[in-house]
Amino acid sequence: MDFKVRMIQNFPKLGAVQDNFILHKKQIEKAIKDRIDLIIFPELSLTGYMLKDMVPVAAVHKEHSIITELQKLSKKISILIGLVEESNSVIFYNAAFYFEDGKLHFIHRKVYLPTYGMFEEERYFGAGNKIRAFETKFGRFGIAICEDALHPSFAYTLSQDRIKYLFVLASSPASGLSGKEGSFKTIDTWESLIRTYSMLFSIYTIYVNRSGVEDGISFLGGSQVVAPSGEVIKKLPYLETSEGDAILEEDKIRGARMYTPLLRDEKLGLTIKELKRIYDEDR
Amino acid sequence: MTKIDKLDLDKVLKLITNFIKYEIKKTGYKKVVLGLSGGLDSSTVAYLSVKALGNKNVIGFIMPYKTSSPDSKKHALVIAKKLKIKVFEVPITEMVDAYLSKFKNNISQVRQGNIMARQRMIVLYDKSEEFKGLVIGTGNKTEFLLGYTTLWGDSASALVPLGDLYKTQVRILARYIGVPEEIILKKPSADLWKGQTDEEDLGFTYADVDKLLYYMVDERYPVLQLQKLGYKKSFIDKVFKIIQRTQFKRKLPIIAKISARTIDHDFRYPRDWGL
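Here the protein sequences line up with chains S and F, keeping their order. Per our numbering, the first sequence starts with residue 1, numbered consecutively. Per our numbering, the second sequence starts with residue 1, numbered consecutively.
Please note: incorrect hints may appear among the correct ones.
[Said to hold, decoys possible] If the Cβ cut is set under 10 Å, some of the chain F residues that face chain S in the computed set are:
{"id": "1", "residue": "Lys6"}
{"id": "2", "residue": "Gly147"}
{"id": "3", "residue": "Asp201"}
{"id": "4", "residue": "Phe248"}
{"id": "5", "residue": "Lys251"}
{"id": "6", "residue": "Pro270"}
{"id": "7", "residue": "Leu275"}
[What the hints assert, rightly or not] Distance windows between CB atoms, simulated:
{"id": "8", "chain 1": "S", "residue 1": "Ile272", "chain 2": "F", "residue 2": "Lys238", "range": "53 to 59 Å"}
{"id": "9", "chain 1": "F", "residue 1": "Lys3", "chain 2": "S", "residue 2": "Gln18", "range": "41 to 47 Å"}
{"id": "10", "chain 1": "F", "residue 1": "Asp201", "chain 2": "S", "residue 2": "Ile233", "range": "51 to 57 Å"}
[Stated by the list, open to error] Below, a sample of chain S positions facing chain F; criterion: calculated Cβ distance under 10 Å:
{"id": "11", "residue": "Lys13"}
{"id": "12", "residue": "Pro114"}
{"id": "13", "residue": "Lys235"}
{"id": "14", "residue": "Leu239"}
Think of the hints as simulated: they come from the structure by calculation, not from any bench. Since this is a predicted model, take the numbers as computed values, not measurements. Heads up, the beta-carbon is just placed ideally off N, CA and C, and yes, glycines get one too.
Kindly generate the complete structure, drawing on both the sequences and the hints.
So, in structure tokens, the structure goes:
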């Protein structure tokens, strides 16, 4: 089925979860009025990125009133949102929650926590240990949170788990001027990456990156939807707060897979065999 | 091709103006105050601040000492006029001389320069309170890495829009946003004593050192790779030692850890905490 998504390229207040939720709620209510099927927020959009010691305070448990409210709102619209999850065993995860038909339908916990350069996620978060596709009323989804998508094995696994739509929620900063025409290197990385995934896996890639500034770090924005053909069908501006809609057409996936049956021809068994050999050799 | 010269100016400009706008707004302030020396860095910061906040929210201060070059004031006024910003002249001669006169022995040129830079800091922080504007710094990456600043003097500020651009890059950005050519082409000088120039103080040119710094710091080239670019080992060593020796200028004072939660070590919050 075809469905309409809205990408929210927002600028959360750092650590102010309630304030942020009020804004999220307004945006969700507006999207309901605009007859959007699925609204997508970036990584940690409910909390802001550079939380450091604020992580436990900004975290929400599944029973939190905000989660209850999001469940209610999801009776009229599906919601994909980035937040800090506090688990029953008091581990804090950088997570994405997907709500559908009044329920918290799926949780993805970020697997790859960057801890290098300006990043120190492993210091503050527990790492997820699942890479799973899941069924929704729109089709089969997969979620990657920022750095997850920089590991091709992650996207490959989701592809083999038969996703049709890959959602990448990000808080990616502007960093390094060694990109094309002296632009930010991180722009090149994301643009080439999501285009490649769309084309090689014949999927829609919906990349939603935040904007704004925290402690001098500017987040890039530049959210976009890339069709299975590799065509960018919607792109939001770089370095500013924005939102934008796109219609995802299931037929486009069918068309791409008919034309280039890469998924059909993929030799999963061979890949597993060779990976196992490499793994057993204990490199 | 040296990458340092290649900037996507449109995006860099957008990033910096947003940085100024939002980092000021978050704190509840609307204005900035800055020292206008008539030089490249402060002129560029004035342009960027006006772009980010509007001319009514940028207040410039010209703070000459009796030995300051008349050109400094002239160029600062040119900038203020072009940008239509409020500008005040607060000469620091009496303040500085009052201090200097307390000491009979000769105070070295470096000490005198530091006293002037810190006196200007006192003026700016006082005006910050008077005008309810944050002090916006005018330092660049070259200066910071080489420690070519006076600690708690010109290095003191609330935010530094050009702190991640080398002098060479600041010049490119300045030209792009329309800073007058006579200011761009002027020999960079701290103007702390007559005839002083940055490049004479440093012992090398910005053009040379900026490229080296870019490959050394940004690209993390090892020494052998830097030598392949044509830099002499002695120059590489010299610059590296300067960076290492001046690290303290880029850090807050260190605290003796005693408790389980020591500021910075275990008490870790961003400055934009809750903002």
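- Is the shortest C-beta separation between Lys6(F) and chain S less than 10 Å? Holds, because the Cβ-Cβ distance from Lys6(F) to chain S comes to roughly 4 Å (cut-off 10 Å).
- Message: Looking only at beta-carbon atoms, does the pair Asp201(F), Ile233(S) fall within the given range of 51 to 57 Å?
- Response: 55 Å, holds
- Item | Restraint satisfaction for Leu275(F) [CB to CB of chain S, less than 10 Å] | OK, holds: Leu275(F) within 10 Å of chain S, min 6 Å.
- Could you check if Asp201(F) really has its C-beta closer than 10 Å to a C-beta on chain S? 27 Å, violated
- Item | Closest C-beta approach of Gly147(F) to chain S relative to 10 Å, hint status | Violated. Min distance 20 Å.
- Message: Would the hint on Lys235(S) be counted as holding, given a Cβ-Cβ threshold of 10 Å to chain F?
- Response: 15 Å, violated
- Query: If you take the shortest Cβ to Cβ gap from Pro114(S) to chain F, is it below 10 Å?
  - Reply: For Pro114(S), the interface hint is violated, since the closest Cβ of chain F sits about 17 Å away, which is over 10 Å.
- Regarding the hint that Leu239(S) lies at the interface with chain F, is the smallest CB-CB distance below 10 Å? Where the cut-off is 10 Å and the nearest Cβ of chain F is about 5 Å from Leu239(S), the hint holds.
- Message: Quick check on the hint: Lys13(S) CB to chain F CB, less than 10 Å?
- Response: Hint holds; Lys13(S) Cβ to chain F Cβ min 7 Å, cut 10 Å.
- Okay, Lys3(F) versus Gln18(S) on CB: inside 41 to 47 Å? 44 Å, holds
- Do the numbers back the hint for Lys251(F), that is, is its least Cβ distance to chain S under 10 Å? Nearest chain S Cβ about 16 Å off; hint violated.
- Double-check Pro270(F) for me: the hint is only fine if its C-beta lies closer than 10 Å to a C-beta in chain S. Given a least distance of 5 Å, the restraint on Pro270(F) holds.
Hint check: violations occur at hints 2, 3, 4, 5, 12, 13; the rest are consistent with the structure.
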